[in-house]
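Visitor: Use these hints to put chain F onto chain C, whose structure you have.
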Amino acid sequence: MKRSMETLFETSRPGRIGYALPELDVPAVDCGEELKGFCRAEAPRLPELAEVDVVRHFTGLSKMNYSVDEGFYPLGSCTMKYNPKVNEVAARMPGFSRIHPLQPAETVQGALQLMYDLSAMLAEITGMDAVTLQPAAGAHGEQTGLMMIKAYHESRGDSKRTKVIVPDSAHGTNPASATVTGFDTLEVASDAEGMVDLDALKALMDDSVAALMLTNPNTLGVFERNILALTETIHKAGGLVYYDGANANAIMGRARPGDMGFDVLHLNLHKTFSTPHGGGGPGSGAVGVKDVLVPFLPVPVIGFEDGVYRLEHKDMHPQSVGRVRSFFGNFGVLVRAYTYIRTLGAEGLKEVSETAVLNANYLAKKLESLYPLAHKGYCMHEFVLNGGVLKHETGVSSLDVAKALIDAGYHPPTVYFPLIVPEALMVEPTETESQETLDRFAAAMEEIVAKAKTEGAEPFHDMPLTTPVSRPDETTAARNPILRWQFGDGE
Amino acid sequence: MNRYIPATAEDRRRMLDFIGAGSVDDLFSGIPEQVRQKRPSDLPKTLSEPEMLRDLRTLSGKNLNADNAVCFLGAGVYDHFIPSVVDSMISRGEFTTSYTPYQPEVAQGTLQAIFQYQTMVCELTGMEISNASMYDGASAAAEAAVLAASATKKRTILCGRNVHPQTRETVRTYCWSRKLEYAELPAENGRIDRAALQKALDGGDVAALLVQSPNFFGNLESLQELADAVHEAKGLFLVATDLLALGTLEAPGKLGADIVVGDGQTAGNPMNFGGPAFGFIAVNKPLMRKMPGRICGQTTDSKGRRTFVLTLQAREQHIRREKATSNICSNQNLCIVAASVYLSLMGPQGLREIGDQILAKSAYAVQQLEKTGRFRRAFPGVPSFRDTALLCDETPADLNKRLLGAGIIGGFDLGNDHPELKNGWLLAVTESRTKEEIDRLVAVAGGDVL
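Top to bottom, those sequences are chains C and F. Residue 290 in the numbering used here sits at position 290 of the first sequence, and the numbers go up by one each step. Residue 79 in the numbering used here sits at position 79 of the second sequence, and the numbers go up by one each step.
No lab work stands behind these hints, which were simulated from the structure alone. As the structure is a prediction and not an experimental result, all values here were calculated from the model. Glycine residues also receive a C-beta, built at the ideal position from the N, C-alpha and C atoms. Watch out, some of these pointers could steer you wrong.
The list that follows gives simulated cross-link-like pairs (lysine-lysine, DSS-like), each with its CA atoms no further than 25 angstroms apart [as the list claims (entries may be wrong)]:
| hint | chain 1 | residue 1 | chain 2 | residue 2 |
| --- | --- | --- | --- | --- |
| 1 | C | 314 | C | 365 |
| 2 | C | 160 | F | 153 |
| 3 | C | 2 | F | 153 |
| 4 | C | 451 | F | 45 |
| 5 | F | 154 | C | 160 |
| 6 | F | 179 | C | 160 |
| 7 | C | 85 | F | 45 |
| 8 | C | 85 | F | 422 |
| 9 | C | 163 | F | 154 |
| 10 | F | 290 | F | 153 |
| 11 | C | 202 | C | 236 |
| 12 | F | 303 | C | 63 |
| 13 | F | 422 | F | 371 |
| 14 | F | 179 | C | 314 |
| 15 | C | 314 | F | 422 |
| 16 | C | 365 | C | 350 |
| 17 | F | 179 | C | 163 |
| 18 | F | 38 | C | 350 |
| 19 | F | 154 | F | 234 |
| 20 | F | 401 | F | 62 |
| 21 | C | 163 | F | 153 |
| 22 | C | 160 | F | 371 |
| 23 | C | 290 | F | 38 |
| 24 | C | 350 | F | 45 |
| 25 | C | 163 | F | 323 |
Cβ-to-Cβ under 7 angstroms is the rule here; a few derived chain F residues that face chain C [stated by the list, open to error]:
| hint | residue |
| --- | --- |
| 26 | 107 |
| 27 | 120 |
| 28 | 353 |
Excised from the complex, chain C in its bound form (with noise of 0.2 angstroms):
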């Protein structure tokens, strides 16, 4: 890895450019007169590099980053899959890349196929009915269909209906998005192996539950053994039921949300469906509805009739929760994932969930003399190992671990997390790695283990050791926070 990087600022010297433009052709006008008081007084502090520096200064940082491109990356709950190249070609096509999105619907028919082709393949996918293409990431999703789950109630004049039901293994994203939406959280406790108590749940049930929100396989790796009595449980109450699709990797071509009793469930693109993730987005946060929410699916819907593609918009769709972002949705992700379904089809896509939940079960069976598994039996596409009694017995947490494993060169599992497992490490290999690497990652486990055992905590303190940096001081950074450069003018 690179070791550092100037920043830009310091990079920068006055007047070197990195630009080319046409010599202006018309008249010029003057910024002061045409736009009198409105022209900026101060040039913004923009770095100023020739196209070389800038290409060296980003070339630098990218080699500051481990990548699904450079090797194994099992950060559970995140399916960091390989992303196929194609699907970069597809994206950045001109007829998908420089379209705009107001122009005429005739001028920009095929988009609209391709969405509405996606949507059909994964309302077909997931047992929905329909799909709306629109949210950004996973949790503007759950926030739409949140408030779908809100018009829904409001539209029965059901207005006490104010909590949303989540359990205690959940991710942070789900009551967070409750709280966006204007729902109080209750926390539903889960049992041993994670799976949601059916009796503490039949005991949160009244007339004020407006949902309940569901990851399954739940976050230990674990399919939901009551799935039917907890969805038939919410509905008997009045409740509908939300299926948070960050583990969808797990069940394609073996179950399908809509056949346990999910009203409404979103699918994160850029996991399942192999688009990138880009350090942090952009995603898709595909949301799909049972017939009964379709009324307030958020506009616009793409309709198709005697073979044109159209947007429809509020006028058609007088219930619609209206707009949860501007235009489409994040549309050169959708074009990724299309790109991936129609590569993989319907045998490929089951492949796809059985090489995942096998490669979970190989590598959990590969560390079970190292660690207590938090499941029992079989896993499914992911797995948490409990860290408490290493940590316990030697001094060395799994945060330890985790950076032990930097320097194995490997990107750590997810750790602490989910919240129900003492200094939990969450590993999600996903189908496409080899039963080779998953062997090396195991027994770069086994050493670190080992190590842990003979040497305790005190080597683990300085690792990770091959980075440009260690651990970095994350107190000072919230207690003395500095969020931009600092020019040295005393700002």
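Guide: Okay, now just chain F, sitting in the frame of chain C:
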């Protein structure tokens, strides 16, 4: 077998043996019988790579794109030039195939890129603090409205009718879901109606006023006056704008803005049929701990070296769960890397030159159209940037149809959103348009109606 999965039949057998499972089916035995999928998913036939590319070319070929037509359509998304370096840099797998920098030691590249981006947003907006990005300008404005309500403990969001219609719709949706009041202010000659504003502010309970400048019509608002009015009423002043325009226009932070939001598509991101690009949000220190989303900060590592980390995480969903300031997790990171590359290439001088070209070419296009006698400015005397609202002799639908026949994507038809502007047509002229293209536009638009 498919090319994205290395496991061979032999590998699978070995792995199953090691696990002690008879078959892959056994691994799925935890799924209750009643919910197992009994039939294969009904999806179109699998395509090989050459077939896939053919399918994609067919689909994309059905779209008229800005390489094959001349784009005078703006209204929030613009055909600006993007240097080749931008896509070359963001195509690097190290940026594309990494995730949120949860492990800072192996993500210094992304973190430093975010830190630098935050700095550039602060410089352009004149604000003290930027986050790492929002989904888009519309949702950034909606989050700003929610933030303002939380900071002021008031419940009404006032929004100009001349803010982008899709931003207004998004803010309205978020307000409904957070139980906030949403109200719109009329425009007077294409800018916020001051008398109506004063009346609304006198009504009390105003958490924030949201305006846009350049607004939906391209007109520039007198930000400082509006800021003074809303501050007098103890509300916050929210300004929506766009990054590229700020190379030329005065920074809202110097004109009384409390929160500046906007869309970053104009800075190095393709039109992409409306996404992905990114939204930005910037505040001053008093609102720092109420910011939504990721924020990158500078610190040191255990050896004293400069290090970048995600910070102030006590605001965020993975720590605070239901008490978080927002639910945002994945944002639009790769798009802000694109913007950082773009802004580094352009520098202050390039942005200013682009702004000057936009002003000159817009002025030329409008003058030439006016000369045909068939167009006049909707808001005479009001300064505007990039978009100009014109009133036509014919309906914009008819006009755009003629233009399309000549390979020109015409301006935005204002009829649906602004029926008060009869035959209103919003023309966008970017630095990418040439004199020859403008002359062609004028010839067709001003020519005989067939």
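Visitor: Take the hints in turn and mark each one as holding or not.
Guide: Do the hints match the structure? See the list:
1. In summary, the hint linking residue 314/C to residue 365/C is not supported, as the alpha carbons are separated by about 53 angstroms, beyond the 25 angstroms threshold.
2. The straight-line distance between the Cα atoms of residue 160/C and residue 153/F is roughly 24 angstroms, inside the 25 angstroms bound, and the hint therefore holds.
3. A distance of roughly 47 angstroms separates the Cα atoms of residue 2/C and residue 153/F; the hinted pair therefore is violated under the 25 angstroms criterion.
4. Of the pairs offered as hints, the one joining residue 451/C and residue 45/F is violated, with about 51 angstroms between alpha carbons and a cut-off of 25 angstroms exceeded.
5. Distance check on the hinted pair: residue 154/F and residue 160/C sit about 24 angstroms apart at the alpha-carbon level, within 25 angstroms; holds.
6. Distance hint between residue 179/F and residue 160/C is fulfilled; the C-alpha atoms sit about 14 angstroms from each other, no more than 25 angstroms.
7. For the given pair, residue 85/C sits about 20 angstroms from residue 45/F by alpha-carbon distance, which is consistent with the 25 angstroms threshold.
8. Restraint check: the Cα-Cα separation between residue 85/C and residue 422/F comes to about 49 angstroms, which exceeds 25 angstroms; the hinted pair is violated.
9. For the given pair, residue 163/C sits about 23 angstroms from residue 154/F by alpha-carbon distance, which is consistent with the 25 angstroms threshold.
10. Taking the CA atoms of residue 290/F and residue 153/F, the gap is about 13 angstroms. The hint holds against a cut of 25 angstroms.
11. Taken as a hint, the residue 202/C and residue 236/C pair is honoured in the structure, with Cα atoms around 10 angstroms apart against an allowance of 25 angstroms.
12. Proposed proximity of residue 303/F and residue 63/C is supported: the alpha carbons are some 21 angstroms apart, at most 25 angstroms.
13. Of the supplied pair hints, the one linking residue 422/F and residue 371/F holds, its CA atoms being roughly 20 angstroms apart against a limit of 25 angstroms.
14. As the CA atoms of residue 179/F and residue 314/C are separated by approximately 21 angstroms, the hinted pair is consistent with the 25 angstroms bound.
15. Taken as a hint, the residue 314/C and residue 422/F pair is honoured in the structure, with Cα atoms around 23 angstroms apart against an allowance of 25 angstroms.
16. For a cut-off of 25 angstroms, the pair hint linking residue 365/C to residue 350/C stands: about 23 angstroms separates their Cα positions.
17. As the CA atoms of residue 179/F and residue 163/C are separated by approximately 15 angstroms, the hinted pair is consistent with the 25 angstroms bound.
18. Of the pairs offered as hints, the one joining residue 38/F and residue 350/C holds, with about 12 angstroms between alpha carbons and a cut-off of 25 angstroms not exceeded.
19. In summary, the hint linking residue 154/F to residue 234/F is supported, as the alpha carbons are separated by about 10 angstroms, within the 25 angstroms threshold.
20. With a C-alpha separation of about 17 angstroms, the suggested pair residue 401/F and residue 62/F falls inside the 25 angstroms cut-off, and the hint holds.
21. Restraint check for residue 163/C and residue 153/F: satisfied, since their Cα atoms lie roughly 23 angstroms apart, inside the 25 angstroms limit.
22. In summary, the hint linking residue 160/C to residue 371/F is not supported, as the alpha carbons are separated by about 62 angstroms, beyond the 25 angstroms threshold.
23. In summary, the hint linking residue 290/C to residue 38/F is supported, as the alpha carbons are separated by about 20 angstroms, within the 25 angstroms threshold.
24. Simply put, residue 350/C and residue 45/F have alpha-carbon atoms about 14 angstroms apart, close enough for the 25 angstroms limit, and the pair holds.
25. With a CA separation close to 15 angstroms, the supplied pair residue 163/C and residue 323/F stays within the 25 angstroms bound.
26. This hint holds: residue 107/F has a C-beta 6 angstroms from the nearest C-beta of chain C, less than the 7 angstroms allowed.
27. Interface restraint check: residue 120/F against chain C, minimum CB-CB distance 6 angstroms, threshold 7 angstroms, status holds.
28. Below 7 angstroms, beta-carbon pairs count as interface contacts, and residue 353/F has one with chain C at about 6 angstroms; its hint therefore holds.
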